[in-house]
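Peer 1: For the protein sequence lines, the chains are A and B, in the order given. Under the working numbering, read the first sequence as residues 1 to 268, first letter to last. Under the working numbering, read the second sequence as residues 1001 to 1289, first letter to last.
Calculated directly from the structure, the hints in this document are not laboratory data. Hints may be right or wrong, so weigh each one.
Part of the chain B face toward chain A, derived, beta carbon under 8 Å [as the list claims (entries may be wrong)]:
(1) Gly1015
(2) Leu1089
(3) Arg1126
(4) Gly1164
(5) Arg1221
(6) Gly1231
(7) Gly1251
(8) Leu1254
With a straight-line cut-off of 25 Å between C-alpha atoms, the simulated BS3-like cross-links for lysine-lysine are [stated by the list, open to error]:
(9) A:Lys2 x A:Lys93
(10) B:Lys1281 x A:Lys2
(11) A:Lys2 x B:Lys1092
(12) A:Lys93 x A:Lys184
(13) A:Lys255 x B:Lys1092
(14) B:Lys1281 x B:Lys1179
Predicted model, so just to flag it, every value in this text is computed and none were measured. Using N, Cα and C, we set each Cβ at its ideal position, and we do this for glycine too.
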Amino acid sequence: MKLALRYAALLAILAISIGPFLWQFATSLKGPTEDVFLPDFIPNDPTFGNYAAVADVVPVWTFALNSLGVASVNVVTNCLGAAMAGYALARLKFRGRRFAGVIFASSILVPFEAILISLFLVMRGLGLTDTLTAVVLPGAIAALNVLLLRNAFLALPAEVEEAAVIDGANAWQRFTRLALPSVKGTLVVVALFSFMFSWDDFLWPLVVLSDQEKYTLTIGLAYLQGTFVQNQRLVAAGTIIAVLPLILLFLLLQKHFFRGVGEGAIKG
Amino acid sequence: MTHRPYTPWLFLAPGLAICLMFTIFPFVNMIVLAFTDASALGGGRFTGVDNFVRMAEDPKFWLAARNSALYMIGVVPPLVLLPLLIAMLAQKVVPGIGIFRTAFFTPVIASAVVVGLIWTWLLDSRGLVNNVVEALGGTRIGFLTDSTLLLISSMVVTVWRGLGYYMVIYLAALANVPKDLHEAAMVDGAGPIRRFWSVTVPSLRPTMVLVAALSAVNGFRVFSEIYLLSGGTGGPGGASTTMVLLIQSVGRGLTGEVGYASALSFVLFVILLGLLLVTLKLNRREEQL
Chain A
1 MKLALRYAAL LAILAISIGP FLWQFATSLK GPTEDVFLPD FIPNDPTFGN YAAVADVVPV
61 WTFALNSLGV ASVNVVTNCL GAAMAGYALA RLKFRGRRFA GVIFASSILV PFEAILISLF
121 LVMRGLGLTD TLTAVVLPGA IAALNVLLLR NAFLALPAEV EEAAVIDGAN AWQRFTRLAL
181 PSVKGTLVVV ALFSFMFSWD DFLWPLVVLS DQEKYTLTIG LAYLQGTFVQ NQRLVAAGTI
241 IAVLPLILLF LLLQKHFFRG VGEGAIKG
Chain B
1001 MTHRPYTPWL FLAPGLAICL MFTIFPFVNM IVLAFTDASA LGGGRFTGVD NFVRMAEDPK
1061 FWLAARNSAL YMIGVVPPLV LLPLLIAMLA QKVVPGIGIF RTAFFTPVIA SAVVVGLIWT
1121 WLLDSRGLVN NVVEALGGTR IGFLTDSTLL LISSMVVTVW RGLGYYMVIY LAALANVPKD
1181 LHEAAMVDGA GPIRRFWSVT VPSLRPTMVL VAALSAVNGF RVFSEIYLLS GGTGGPGGAS
1241 TTMVLLIQSV GRGLTGEVGY ASALSFVLFV ILLGLLLVTL KLNRREEQL
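My request is simple: use the sequences and hints to build the entire structure.
Peer 2: If you want it as structure tokens, here you go:
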């Protein structure tokens, strides 16, 4: 009985959290003669025509490719660059280590919205406005990821590395062969969040991009809605194109993501 | 020494370069610009506190600050409480719980733009929510056309999108609540509600303060939800505008007033930092008790 109540509550929350997505998906499949205002979750005559039609109206696949490029570069630069910096902070002794740590820590405290306009001026100074490079650069190596990976590297036992030093491994070899493989879990989280953050980002691309050819999906969609709000089927198709890759990526990696939480809950 | 003296700096160079160029320098520059009349074309003379005087007399600033503050006040209580209740439901390992947790997290993964567009359509005057309202015998409500309702609708979207995110934070914290506390309370004859208030809440208080801080800072700097639900206008006559929307509209484009936008950014930064400091202090007092 208690279990039944728990499932009922869980199902109710499930409906609230994914219901809107399902409805949007249903809308994207509705044909031109169907009423998109009715709360119909099952289209009478499902069609993928809207996905082709939205591509005729705005270059939605170009937007998606732009987003994919930006997000992929972001994953690589964050995983590699943040790991390198985190490794130096955690495992190498040198003068100025505290100073470098303070720079990363204070970067976290600066809210992005507060430097928005100033950052735009920097990009203009570099001649990078209206380029995808400008979209990538500010978040390319996030300070938060540097500190996350620093903590992960700190947790590694010192003995293994000492043995490698005796074997004559230099710092780069110890980093790539020993340290990096042993923080895989943290790297997955960093990769997932870098991809998500970059794919979902809206404010910065909105400010720095002006040429429609270079739009990422998020601002492309906002533009699509502004122009063709009368045909919700197309907007719905666009939003599904934007959200589906992320859901698939998350489903692939969710085990790693919830593992810590889940294990704790069982032990609890 | 196991490495050459410059090796650590080679490791640090890319990360430090990005942080210095695209966070620290713009931040310092923002503070400098706040005291100038710089325009979009550059230049700018030192004008002292003129920008701040202008701000104090600018009704748009007060409106935006008020809306941001209201937004923050509106979203913090539901975001502290609702995800906790959901986490307690999702904590127990029952068959299929992974599916539920993943589904609850879906709105977090979906970008603010996707979420904003879906809800714009749900709350449209012809949308699903209004169809339900009408079917129940009510009249259609202008969720997106009335400036107050637009703010409240955006808050609902923010809360809806935050449920899964804060649920995960609570799940991690709940896993650390000692089980014997619950068992002891049960032996003492405390029911589930009693145990929630006397066991769960006290042991989770630091996490609740953290969630309050995160959701307050995020609430105050809201942009996407208001921007999208209002179709980029900031509400009818701009009446639902918030601080970040104002900064964005003042500082952008060929007519951008960079100096004034920087002064607004400076104020935003001070407020957000203040919010963080207050929470840190609350947390410290918590630890002393």
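Peer 1: Now, for every hint given, state plainly whether the structure supports it.
Peer 2: Here's how the hints hold up against the structure:
Because the closest C-beta pair between Gly1015 (chain B) and chain A is about 3 Å apart, less than 8 Å, the hint holds. Taken as an interface hint, Leu1089 (chain B) checks out: its beta carbon lies about 5 Å from the nearest beta carbon of chain A, inside 8 Å. The beta carbon of Arg1126 (chain B) is positioned within 8 Å of a beta carbon in chain A (closest approach about 5 Å), and the interface hint is therefore held. Hint status for Gly1164 (chain B) relative to chain A: holds, with the closest Cβ pair at about 7 Å, below 8 Å.
With its C-beta approaching chain A no nearer than about 5 Å, Arg1221 (chain B) sits inside the 8 Å limit, and its interface hint holds. The beta carbon of Gly1231 (chain B) is positioned within 8 Å of a beta carbon in chain A (closest approach about 6 Å), and the interface hint is therefore held. Restraint check, Gly1251 (chain B) versus chain A: the minimum CB separation of about 4 Å is within 8 Å; hint holds. Taking 8 Å as the C-beta contact cut-off toward chain A, the hint placing Leu1254 (chain B) at the interface is violated, the least distance being around 11 Å.
Taken as a hint, the Lys2 (chain A) and Lys93 (chain A) pair is broken in the structure, with Cα atoms around 57 Å apart against an allowance of 25 Å. The hinted pair formed by Lys1281 (chain B) and Lys2 (chain A) fails the criterion: a straight-line CA distance of about 41 Å is larger than 25 Å. Taking the CA atoms of Lys2 (chain A) and Lys1092 (chain B), the gap is about 12 Å. The hint holds against a cut of 25 Å. Restraint check: the Cα-Cα separation between Lys93 (chain A) and Lys184 (chain A) comes to about 23 Å, which is no more than 25 Å; the hinted pair holds.
For the given pair, Lys255 (chain A) sits about 17 Å from Lys1092 (chain B) by alpha-carbon distance, which is consistent with the 25 Å threshold. Distance hint between Lys1281 (chain B) and Lys1179 (chain B) is unfulfilled; the C-alpha atoms sit about 29 Å from each other, more than 25 Å.
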